[in-house]
Amino acid sequence: MSILVYVEQAAGKIKKTSLEAVSFAFALAQKTGEGSVVAIALGTIDSQELASVGEAGAAKVLHASDERLNAGVIQAHASAVAQAFQAVGASTLILAKSSLGDAVAARLAIKLDAGLVSNVVELPRLQGGFVVKRSIYTGKAFADTTITTTKKILAIKKNAVDQKVDGAKAQVEAFAVSIAAADFASKITATERATGEVLLPEADIVVSGGRGMKGPENWGMIEELAHTLGAATGCSKPVSDIGWRPHHEHVGQTGVKVAPTLYIAVGISGAIQHLAGVNSSKCIVVINKDPEAPFFKAADYGIVGDAFEVVPQLTAALKAAQ
Amino acid sequence: MKILVCITHVPDTTSKIQFTANNTKFDPTGVQFIIGPYDDYALARAVELRDQTGGTLTALNVGEAETEPTLRKALAIGADDAIRVNSFPKDSFFVAKQIAQVAKDGGYDLILMGRESIDFNGGMVHGMVGELLGMPSFSPVMKLDLEGTTVKMAREIEGGKEQLEAQLPLIAGCQEPIAEWKIPNMRGIMSARTKPLLVVEPTSQETQAEASSFQLPPAKGSVKLVDKDQVSELVRLLKNEAKVL
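Protein sequences, first through last, are from chains A and B.
Numbering follows our numbering, with no gaps: position 120 of the first sequence is 120.
Start counting at 1 in the second sequence, then tack on 1000, and there's your number in our numbering.
If you're looking for bench data, these hints aren't it; they were derived computationally from the structure.
Check before you lean on any hint, since a few could be wrong.
Unchecked claim - Calculated cross-link-like contacts (lysine-lysine; reagent style BS3-like; alpha-carbon spacing at most 30 angstroms):
1. B:K1239 to A:K297
2. A:K133 to B:K1090
3. B:K1220 to B:K1239
4. A:K214 to B:K1224
5. B:K1002 to A:K15
6. A:K13 to B:K1143
7. A:K111 to B:K1090
8. A:K15 to B:K1143
9. A:K319 to B:K1228
10. B:K1090 to A:K214
11. A:K214 to A:K319
12. A:K282 to B:K1224
13. B:K1220 to A:K289
14. B:K1182 to B:K1152
15. B:K1224 to A:K289
16. B:K1152 to A:K133
17. A:K297 to A:K214
18. B:K1243 to A:K13
Said to hold, decoys possible - Partial list, computed: chain A residues near chain B (C-beta under 7 angstroms):
19. Q273
20. Y301
21. G305
22. A317
C-beta atoms are modelled at their ideal positions from N, C-alpha and C, and glycine is treated no differently.
Generate the whole structure from the sequences, applying the supplied hints.
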């Protein structure tokens, strides 16, 4: 039996979160003694890029190069992955949580009659059943969940495992899929994506600004700090509600949930709804002029001071240290 | 046009989460339950579309009797009638099966719900219902307009959005800014009391991945404050102590 990993691409590059999913599958295969890891990749991707998926732990990459799969057409992707699952005779499917991954996983759970757990935060335990730890209540708690079906699907959260980088190149194999026209019936008519920036849900470092920034015209210093760190920029809900920043930057309970290594919050008081979106961060730094801001209670490091003074100094100090 | 909107009954976003019975049950003490915030967006848009098309809008919840005030609130906001599938929502597969059955029996053209519940955050039920019914499913949907039987949507993707076109019937998991939350008015609250609320028993008991025990995250240590005139000290700590740079 093998473990199959659905890897996503963006503009021909395999997404980093998908490589983490491959590494998760590799560690799981070692734990269960269950043969090898096979990845399925869809759409136009060059063979070098596909082979490099091996570095994260895949022995083989199946490639369905049908260019209609370049776009994330949910039903078509689900059908293609289901065919790969059957062809490989896989027991388990691993994928990274994402807007496309979640949608595809849900349909696959029914297609494959597989028990599905999302927001998985660590490798399953195998004593007393297949027990998966997942994040619930928007990061405020965890649940141990026992999957009772033979086939299983795990949608993993960012940072559930460290990405493996020392594997050998994978064997790349063309994989023919046959997808019904009905699966392509819904059309993606346009895609708008911020380019040349680090994407917020996948970022290792995030710099967010709140109402303490006083206006959209002051975001330059947030962007400069983020740029210095190779970080993505985020914001609090009030900031996206008033339109200072686009909605896809809203971090929190009803916005993007991030799990970076480092989260820097500038001028954000730390309402419980905002904390729900950041509580999976490894390290939190809070910069706020109000020493009573509740965010300090959730932070690892803090500076009580005026953002307009502290942020440029921090950017300068980081540049000096590089 | 028949619209079905699925509602979760979940703890208010400010709730302190605690467990009881040796960490095997959620502790509802002092917790206020609400319509899931994402479901609230779905409901608001559903009310607008019902008004636009002159159709009907049914609100559905899978839950025990305690969820009825939440369903009544959906009626007060504008649903015409409600259905409660009388069971604890055991896992997403179980819930999807119940919704699919109700949807099949009712012949709905459009099924809306939140992108995810804010208790278990799975975000999987809409896709499962879609596959069970052989309908397309989309999530997270931030805009949804009807033009005849064509549905024009915007779906949020990492760092941006996708514009989509699909045909009815379909299912969408919704999020802001698809519509503004609606607050029930007095007339709505009064009429909600007498609108029909049908209770049905689950048609299947099948589950695939039930939660068996719960844990809270480890308590956070106290914050280490750095003087605002010693910003380089913060850089040193992040590098050498936290090792995150």
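Hint by hint, here is what the structure shows:
| no. | hint | result |
| --- | --- | --- |
| 1 | B:K1239 to A:K297 | 22 angstroms, holds |
| 2 | A:K133 to B:K1090 | 17 angstroms, holds |
| 3 | B:K1220 to B:K1239 | 20 angstroms, holds |
| 4 | A:K214 to B:K1224 | 26 angstroms, holds |
| 5 | B:K1002 to A:K15 | 40 angstroms, violated |
| 6 | A:K13 to B:K1143 | 28 angstroms, holds |
| 7 | A:K111 to B:K1090 | 20 angstroms, holds |
| 8 | A:K15 to B:K1143 | 26 angstroms, holds |
| 9 | A:K319 to B:K1228 | 18 angstroms, holds |
| 10 | B:K1090 to A:K214 | 45 angstroms, violated |
| 11 | A:K214 to A:K319 | 25 angstroms, holds |
| 12 | A:K282 to B:K1224 | 15 angstroms, holds |
| 13 | B:K1220 to A:K289 | 22 angstroms, holds |
| 14 | B:K1182 to B:K1152 | 22 angstroms, holds |
| 15 | B:K1224 to A:K289 | 15 angstroms, holds |
| 16 | B:K1152 to A:K133 | 37 angstroms, violated |
| 17 | A:K297 to A:K214 | 23 angstroms, holds |
| 18 | B:K1243 to A:K13 | 28 angstroms, holds |
| 19 | Q273 | 5 angstroms, holds |
| 20 | Y301 | 5 angstroms, holds |
| 21 | G305 | 3 angstroms, holds |
| 22 | A317 | 4 angstroms, holds |
Violation of the numbered hints given earlier is confined to hints 5, 10 and 16; the remaining hints are satisfied by the structure.
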